[in-house]
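Let the sequences and hints guide you as you build the complete structure.
These protein sequence lines map, in sequence, to chains A and B. The first sequence lines up with residues 1055 to 1195 when you count with the numbering used here. The second sequence lines up with residues 244 to 896 when you count with the numbering used here.
Some hints here could point you the wrong way.
For lysine-lysine, the following DSBU-like pairs were computed, each having C-alpha atoms within a straight-line distance of at most 30 Å [as the list claims (entries may be wrong)]: (1) B:Lys482 with B:Lys730; (2) B:Lys541 with A:Lys1182; (3) B:Lys462 with B:Lys697; (4) B:Lys621 with B:Lys451; (5) A:Lys1073 with B:Lys706; (6) A:Lys1088 with B:Lys636; (7) B:Lys447 with A:Lys1176; (8) A:Lys1107 with B:Lys482; (9) A:Lys1176 with B:Lys532; (10) A:Lys1176 with B:Lys519; (11) A:Lys1151 with B:Lys541; (12) B:Lys622 with A:Lys1141; (13) A:Lys1088 with B:Lys531; (14) B:Lys462 with B:Lys447; (15) A:Lys1168 with B:Lys482.
For the record, the hints were derived by calculation from the structure and aren't laboratory data.
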Amino acid sequence: MGDMHNHFYIEKNYSDFFKKSEVLNSPRTEGIIKRENFLLLMSLGYSIGFKTKFENPRAQGNDTFVMNQLTDEELALVYAIAISDSKDPEIVNNDLKVADIAMEYANTGIIALKQLEENSQKGNRIKKFQAEIHDIIEDNG
Amino acid sequence: MRIEEIQFENFRKYVDTSIKFSENNNDIHVVIAENGAGKTTFLNAMTWCLYDDEPKIRDKKNALPTLNTEVSNNSDNDIEKASVSITVSGDGLKLIYKRSDIFKIHNIHSDYYKNNGKREEWIDQEFTVTEIEGSESNVCRDKDECDLLVASFIPEAIKEFSFFDGEQLDNYFLMSSAIKDQVFRLSHIFVLDEMERRINDRLKNLRKQGNPNSSAESKLQEYNNQLKFLNSEIKRYDKLKAAYESKDGELNDLMNSLGTAPSIKELEKRRNEKIKQRDNFDNSLTIKKQELNDLIIKESPKILAKEAFNNSLGIIEENKDESYIYPIDEDILEDSIHDHSCKVCDRIFDEELLDYIKSKKAKLYLISPEDKILNANKKYFSRFKDVEDNYLKKERELQNEISNISDTIDTLDDEIKEFYNAIKVNEHLRESINRRDELLKILPTKKSELDNLKLNNDNLTLKVQKLHEEYVKLLEEEDEYKEILAKIRLCTDSLAVINDVKEDIMRETREDIQESTNEKFFKLIRKSQTYGEIKITEDYEVKLFDEDGRPAASSASASEVELLALSFILAIHSVSGYESPLVVDTLLARTSGQQRLNVAKSCLNVSEEKQLLLFLIDEEYSEPVERLFKEKHVSEYTLKESESEKIIEIRSV
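Here is the structure:
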């Protein structure tokens, strides 16, 4: 999978939120960037249904973080979103496109999560997020 | 008895002089001298004459000889004497004490000595007491007899009560043990003491006379050892019992005052345990919350992306091509070709079908890498569709655990708060409660120790009694020692009686001295309103109390302390029966102004009872004192040193 296994990018403006979000970080892991968080944001963005353009994500200035190799399970998640988005199974052969789709959905996810956290009280944000998940499960039937 | 005259002959600076103390209106005599003008030598001469003791010479080894140095240097004789004689009288008897140091005078021809070649050598001392009764006189030279005659005037053991330094009067209150010893002598208890010593010796001898071949002696030894041990154990028991009773009383008081107030230490201990439990649950809560957080982070993406999995599976299916996407495992295909039957549906292959499958298998090797990737991921896509149920189940479990732990923490917080409140309510009693709890803890052990000791002592007492009985029996068995046994019993009984009598006498003497001291002090001080009474303790500490019974010695003035000491000394004189004179050096030195005059007036009172010889320096003999003494016709003498500073003369003023 080339570079994609090790590098994802977060728009610089969101790096602080990424590190301090109540949902993404427990007191134990605060400030540590985890690849699970990126995948959550990506999935959240996907569930909302649109991508947010991320111009030249690999440019200097954006926060990049080296991640451990994705597990097969995590990779399947990324591919599922990429195939669903592109409607092209062959996209799995194009790492850069897959990564771009993932990062743009993650960009949407960040904005959505930020709004969720801003609209709820401190200490109650995880519960709010849980409630969102419950709603989605209900919608999924 | 009183001193009539003192004569000096070649004694230090007193070469040939004397002083007569005639009894006129009163019997008080004042010798006034400047500092260093021979006052101390005068006082030393008196104690030297009577006791061969010059207490005020500090370095006796290097002191000059008693013989006047001028006499020594200019003597033409072979022998010279330095003498002091004191004439005392009373009850129709006159006694002349005379002590003389005898010196041999050597002519030494040496430039080394600057004494014209004369040097004295002490060769002997004489002490005589001349008794004169009426027209009869007798010169006594026997030492023991002479000592007895001195003791009839002032016994040496109590001379400190007749010859003393006014500036040291305070010290009388610091040397109570010495006073007790002296009063012991005054009380004539020493006679009883001597009796006790002799009876004890006798008893010892009697016990030794027990049959040396019998076992009585060793039995006695064993009995004595055990008795000694028993006594020490009884003392230990008494001490422990007193300590226990004191603590038990303290505990009762605490129990009465504290009621059922809880133990603060126990409350703190239980509170701390609860805090520890709460901390543990806090940790568990943090862990469970973290687990929930991890669950959300890890599992929710699969829920959120569920549509993507469904879509992807559909897309893959739509794009499937016979020659392109082939989702059959190569090994299964290989086995099916080999066995001519399908390993998936058991269909038997005919030749045509077998060729067809073989041709398809050949094409499999041409499948693109992305096909392989998609094949690999399809199983995850399918599996993720069921993730919701698992997520909800795990989330519910964690949520329940978190809720239970939170409830437990709330309960613990309430309990901890209750402990804090209980501690706060009883905080002001903390020390008392701690003490009560400590006593509750230690007293049962102490009681048990005490009971054990009591039991041991009872057993020991029985053992000692038995030993004694055995000892007595052994003695009784020996006929020839029955008499000894009777004597031993007599001695033992006598000792007990003597001991009782001694204690009675000591107590009575002390009470007499106390009464007499009170009487004399309040007579001398003339301030009956300030002080209440004087008490003399068993250890002969003189204690002054005010009218309300509070200790008042520390607030007494210097003159009052002097008068207190003087009263005490006069009381001792009175109780002892020795109506000897008082010879006091610098009595007025520690007082001034009106206080000094008060002491001087008190001296006039004292002189009504006994002869008083006061040695004063010029500064003490202030104008008011001089005026007072002159009005009362007190005899005054001065000491004058010659220009050569070798000779002192006593002059009557």
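Quick check: which numbered hints come out false for this structure? Violated hints: 1, 4, 5, 7, 8, 15; rest satisfied.
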